[in-house]
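Protein chains: 2
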Amino acid sequence: MPSLSGYSQDLPYSYAPGFFPAMESLLHRSECVERVLLHPKAEGTEGAEKLRALADACHVRVEMAERVLSRISGKENCYAASVFRKFEDTLHSDRPHVILHHPSDSGNVGTILRTALGFGVEDVGLIRPCVDLFDPRTVRASMGSLFSLRVHVWDSFEAYQAQYGKHQMYPFMLSASLPMEEVLEGDVPYPYALIFGNEGSGLPDSFASVGRSVRIPSSDRVDSLNLSVAAAIGIYAFSGKFRKNEKVCNKTGQ
Amino acid sequence: MPSLSGYSQDLPYSYAPGFFPAMESLLHRSECVERVLLHPKAEGTEGAEKLRALADACHVRVEMAERVLSRISGKENCYAASVFRKFEDTLHSDRPHVILHHPSDSGNVGTILRTALGFGVEDVGLIRPCVDLFDPRTVRASMGSLFSLRVHVWDSFEAYQAQYGKHQMYPFMLSASLPMEEVLEGDVPYPYALIFGNEGSGLPDSFASVGRSVRIPSSDRVDSLNLSVAAAIGIYAFSGKFRKNEKVCNKTGQ
Numbered sequence: 448m449p450s451l452s453g454y455s456q457d458l459p460y461s462y463a464p465g466f467f468p469a470m471e472s473l474l475h476r477s478e479c480v481e482r483v484l485l486h487p488k489a490e491g492t493e494g495a496e497k498l499r500a501l502a503d504a505c506h507v508r509v510e511m512a513e514r515v516l517s518r519i520s521g522k523e524n525c526y527a528a529s530v531f532r533k534f535e536d537t538l539h540s541d542r543p544h545v546i547l548h549h550p551s552d553s554g555n556v557g558t559i560l561r562t563a564l565g566f567g568v569e570d571v572g573l574i575r576p577c578v579d580l581f582d583p584r585t586v587r588a589s590m591g592s593l594f595s596l597r598v599h600v601w602d603s604f605e606a607y608q609a610q611y612g613k614h615q616m617y618p619f620m621l622s623a624s625l626p627m628e629e630v631l632e633g634d635v636p637y638p639y640a641l642i643f644g645n646e647g648s649g650l651p652d653s654f655a656s657v658g659r660s661v662r663i664p665s666s667d668r669v670d671s672l673n674l675s676v677a678a679a680i681g682i683y684a685f686s687g688k689f690r691k692n693e694k695v696c697n698k699t700g701q
Numbered sequence: 448m449p450s451l452s453g454y455s456q457d458l459p460y461s462y463a464p465g466f467f468p469a470m471e472s473l474l475h476r477s478e479c480v481e482r483v484l485l486h487p488k489a490e491g492t493e494g495a496e497k498l499r500a501l502a503d504a505c506h507v508r509v510e511m512a513e514r515v516l517s518r519i520s521g522k523e524n525c526y527a528a529s530v531f532r533k534f535e536d537t538l539h540s541d542r543p544h545v546i547l548h549h550p551s552d553s554g555n556v557g558t559i560l561r562t563a564l565g566f567g568v569e570d571v572g573l574i575r576p577c578v579d580l581f582d583p584r585t586v587r588a589s590m591g592s593l594f595s596l597r598v599h600v601w602d603s604f605e606a607y608q609a610q611y612g613k614h615q616m617y618p619f620m621l622s623a624s625l626p627m628e629e630v631l632e633g634d635v636p637y638p639y640a641l642i643f644g645n646e647g648s649g650l651p652d653s654f655a656s657v658g659r660s661v662r663i664p665s666s667d668r669v670d671s672l673n674l675s676v677a678a679a680i681g682i683y684a685f686s687g688k689f690r691k692n693e694k695v696c697n698k699t700g701q
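In the order they appear, the protein sequences are chains X and V. End of the first sequence = 701 in our numbering, gap-free, step of one. End of the second sequence = 701 in our numbering, gap-free, step of one.
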């Protein structure tokens, strides 16, 4: 492995900045982790000891670093990071998906990864052009959830669709006539895919004919909702259908 | 009014950066708007014309500015802003509230303001110590929703509580035993107040005895949800109780 520099999208590796994201990378993707970096100022702290112990257990080398950590973290202080090889998975064909079409903000993508995992949606896809999934800012905003998910990036929505015909697609559109709550009153087929558009422009009109387009019942007093907020509400509400079913199954002993 | 400088919390005025937030300030709080600032590069664009027309209609002066706009916007390009006097309202005593206890991220606070307005919650309070409600980054993240809401900042939660005894309080806590969905299956008293803690530390344990503490049913595979995501899910779900009632009322002709 060459000497480390600041992050760039062309590199085959990236950084998980922060103790928690670095721990998550070792816990869930240790096979991708090349090294752990620690700032001299962190030496001896509880966080550093835990991270070092986990790295040792995973046979990952720990290095003292200062310049690289400040390069990747920008303005914020960063006392630890892991260096990991980028990865790509096949999404599960029988599990729900979250698909982000042309997302442009790395913080939003990271937050959505975290929310997806938080509600048991383990498969997330991105459609290009989009923000870099492995940008350290995305990894940080995901709080390391990236390492527990299956992720894939496609060049077009058609390429995704061709591969996952089984999924009932739900594009989220401001212009959709069907309120999400009405869709959720009926049966939701499993697996399903929730599709969210770009922060500024949403999904193109052509998505109105993809599956069943739905809108979140928000007031017309706001232009739209923040992307990570819209995705959170969609993920929470759809996954709730199956949380409820699980509860019913448990109650009846099935 | 003195000559304009970069933003500081001590100033009696702040900035709404961006065309959309500046328009919102004129549409909903024109009495607080001192001036509108336009970047020379924006001159002649549709956005600039619309903003200028609205400012004229509100008898607000439009100035060409360049240095101030770049100072308040940081790295991002900013071609328009309004300058507004800070304000404080009395929250409505019969309407739902969102209360943010010690929030530390201006982006989160702005996003939550936008979400609250998006679901018809028009009263938002902050408890100090907290991020500056009028920081231009908060205003930008709110997409100008700040100007359509009633807002107030208290020095302590007790001071808020003493003033609004009528509200059923729902503190959102990871340690709460009651899942939100169980609370929502029963009756929710109106008005209610949803209370969310700090990004890193959540609400102090003492909030367990304030009203009915609830938790969002997320998986233990994430440490917690992002604050603006947790607030979005709470606001969406609680406001849904009353959207449904409205629908029923409409259907039965009441």
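One or more of the hints may lead you astray.
Claimed, not checked - Simulated pairs of lysine to aspartate or glutamate, EDC-like, Cα-Cα distance not exceeding 16 Å:
no. : chain 1 : residue 1 : chain 2 : residue 2
1   : X       : Lys688    : X       : Glu628
2   : X       : Lys688    : V       : Glu523
3   : V       : Lys688    : X       : Glu628
4   : X       : Lys688    : V       : Asp652
5   : X       : Lys613    : X       : Asp541
6   : V       : Lys488    : V       : Glu523
7   : V       : Lys533    : V       : Glu478
8   : V       : Lys488    : V       : Asp457
9   : V       : Lys688    : X       : Asp579
10  : X       : Lys533    : X       : Glu478
11  : X       : Lys688    : X       : Glu629
12  : X       : Lys533    : X       : Glu481
13  : V       : Lys688    : V       : Glu605
14  : V       : Lys497    : V       : Glu510
15  : X       : Lys688    : V       : Glu629
16  : V       : Lys688    : X       : Asp541
17  : X       : Lys533    : X       : Asp579
18  : V       : Lys533    : V       : Glu605
Don't read these hints as lab results, they were simulated from the structure.
Outcome of the hint check:
For the given pair, Lys688(X) sits about 11 Å from Glu628(X) by alpha-carbon distance, which is consistent with the 16 Å threshold. A hinted pair counts as satisfied when its Cα atoms are at most 16 Å apart, and Lys688(X) with Glu523(V) does not qualify at roughly 40 Å. Annotation: proposed proximity of Lys688(V) to Glu628(X) holds, straight-line Cα distance about 11 Å (limit 16 Å). For a cut-off of 16 Å, the pair hint linking Lys688(X) to Asp652(V) is broken: about 31 Å separates their Cα positions.
A C-alpha spacing of about 8 Å is found between Lys613(X) and Asp541(X), which places the hinted pair at or below 16 Å, so the restraint holds. Between Lys488(V) and Glu523(V), the direct Cα distance comes to roughly 15 Å. Compliance with the 16 Å bound is thereby established for this hinted pair. This hinted pair checks out: Lys533(V) and Glu478(V) have alpha carbons roughly 11 Å apart, not beyond 16 Å. For the suggested pair Lys488(V) and Asp457(V), the alpha carbons sit about 30 Å apart, so the restraint of at most 16 Å is broken.
Note on Lys688(V) and Asp579(X): the hinted pairing is violated, with a Cα-Cα distance of about 38 Å set against a maximum of 16 Å. With a C-alpha separation of about 11 Å, the suggested pairing of Lys533(X) with Glu478(X) holds against the 16 Å cut-off. Pair hint Lys688(X) plus Glu629(X) holds up; C-alpha atoms about 13 Å apart against a cutoff of 16 Å. A threshold of 16 Å between alpha carbons decides the hint, and for Lys533(X) with Glu481(X) the separation of about 11 Å falls inside it, so the pair holds.
For a cut-off of 16 Å, the pair hint linking Lys688(V) to Glu605(V) is broken: about 28 Å separates their Cα positions. Pair hint Lys497(V) plus Glu510(V) holds up; C-alpha atoms about 15 Å apart against a cutoff of 16 Å. The straight-line distance between the Cα atoms of Lys688(X) and Glu629(V) is roughly 14 Å, inside the 16 Å bound, and the hint therefore holds. Distance hint between Lys688(V) and Asp541(X) is unfulfilled; the C-alpha atoms sit about 32 Å from each other, more than 16 Å.
Straight-line distance between C-alpha atoms of Lys533(X) and Asp579(X) comes to about 11 Å, which keeps the hinted pair within the 16 Å bound. Among the hinted pairs, Lys533(V) with Glu605(V) is inconsistent with the structure: their alpha-carbon atoms are about 24 Å apart, more than 16 Å.
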